[in-house]
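> Take a look at the letters that make up each chain.
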Amino acid sequence: MPELVKIKGISDGLLVTLGDGDWEQVRQALLDHLDAQAEFLRGARFAVDVGSRTLKAAEVGQLQKDFIQRELSLWAILSQSPLTEQNAQSYGLATRLTKPQIESSQTVETRLSKGEDAVLIRRTLRSGFRLMHQGHVVVIGDVNPGAEIVAAGDILVWGRLRGMVHAGAEGDEQAVICALDLSPTQLRIADHVALTPKRRGKPQPEMARLVEGQVIAEPWEAK
Amino acid sequence: MDGKVLTITSGKGGVGKTTATANLGAGLADSGKKVVCIDADIGLRNLDVVLGLENRIVYDLVDVVEGRCRTRQAMIRDKRLSELYLIPAAQTRDKSAVSPSDMVRLCDELRQEFDWILIDSPAGIERGFRNAIAPADIILVLTNPEVAAVRDADRIIGIVEAEEKNPPKLVINRIKADMVRRGDMLSVEDVLELLAIDLIGMVPEDESVIQATNRGMPVVLDGKSRAGQAFRNIASRLLGKDVPFMSMEEEGGFLGRLSRLIRPGGN
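These protein sequences, in sequence, are chains X and F. Numbers 1 to 223, taken from this note's numbering, label the letters of the first sequence in order. Numbers 1001 to 1267, taken from this note's numbering, label the letters of the second sequence in order.
Think of the hints as simulated: they come from the structure by calculation, not from any bench. Hints should not be assumed to be uniformly reliable.
Okay, derived cross-link-like pairs now, BS3-like style, lysine-lysine, Cα gap no bigger than 30 Å in a straight line [what the hints assert, rightly or not]:
hint : chain 1 : residue 1 : chain 2 : residue 2
1    : X       : 8         : F       : 1165
2    : X       : 202       : F       : 1176
3    : X       : 56        : X       : 6
Model the full assembly from the supplied sequences, consistent with the hints where possible.
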């Protein structure tokens, strides 16, 4: 008998391929599989290929719930049946594995829990790149005009900052933005937006923060 | 033969991709290489016009890809350079008529026969651009010394990097030395500071380019044109020669030289 459930790793999480057969039976086999490997699969993202079978909206909904109950996430259902695709889309699920290349490579959204987490990025962020992060962001490299960083915490750029950055995006007014050359197109801290005036003279390291509802930037000076 | 595929792209429109493709193609062919230029700007073709070959088009890129003709039949030989060929774009279709894998297949076929395959990319970052960069071994990012063009070039470089292609090379086109001197135009240094990739050429603004384009004759073949010289230099660099960058200063007549004496350095 062919396997009903096959799981393999793909660049975007795990892909489950389901064999033919009665849906309830296949679904049960999948759930048994998930429960058996619960420890290993914790927090994983799944795409499920249901083959040519037609899933009713209720069945898609049930499947999504099954994943949520196990603290797993289901992000895509692949099917050759247009009806299944339609039903999956109505639950906000993707029906194609390959998102447009630009989307996947140029937008980075991290999924860390809020807290003191930071990501370190060691390259130049070019125009069109968007980074969203729940913690702090450290960039070693430049942030070019047209690039965006949105962070719940602080943003530190060891390089030229010329893009748009938003620190304390979830309302943290204590958040700061530092850069060796702070000349962003736009600066935001919590709910405040600031445009930076044109620089006079040589660039110097600066730190921007909120003081009484105003974004101010102060040069760093060696004491 | 094992030809190289070179794609010329810019993101922004109107910076001179088609002119650069025509001139680099002619420059390489003039150095004795066998060259084919592909116009990937389906629906808005004009490489044929710039090369002065418009009236000879019978088949086009889409005909080749869809199998209505053999590749050979769509190739138009240049009037002046016997080793330069053009595969024109279709004018009545759009970019979706060709896929990136079609381009890879076509270029793999052409590699057998040609030293260089030049692809003129359309503006934008959509399908047409994807088609153009898919088969590329070398990508030339063309930009002008102006903020919008540099911004788009930066985006293009980001996409090329994400595709894990070889790092692209930069050509800065239409530099006006007197405006740079007055501080009214971005300098080469400003552009390089932002884009941070290797520079392979600088081309001065030159009226002879427009004249040549309108006449359908690549400006590289004009020995007196400064832009032509700049394109010849880029072609030589592509062939691995070490050619120093030329000065962007205009070689004006007596008055030009005099005004430079009076205004040293500018600013």
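> Next pair to validate is residue 8(X) with residue 1165(F); report whether the Cα-Cα distance is within 30 Å.
Given pair residue 8(X), residue 1165(F) holds - Cα atoms ~27 Å apart, limit 30 Å.
> Assess, step by step, whether the Cα of residue 56(X) is no farther than 30 Å from the Cα of residue 6(X), and give holds or violated.
Holds, at roughly 22 Å.
> Is the hinted pair residue 202(X) and residue 1176(F) satisfied, with a Cα-Cα distance of at most 30 Å?
holds, 26 Å
In the structure shown, no violation is registered for any of the earlier numbered hints.
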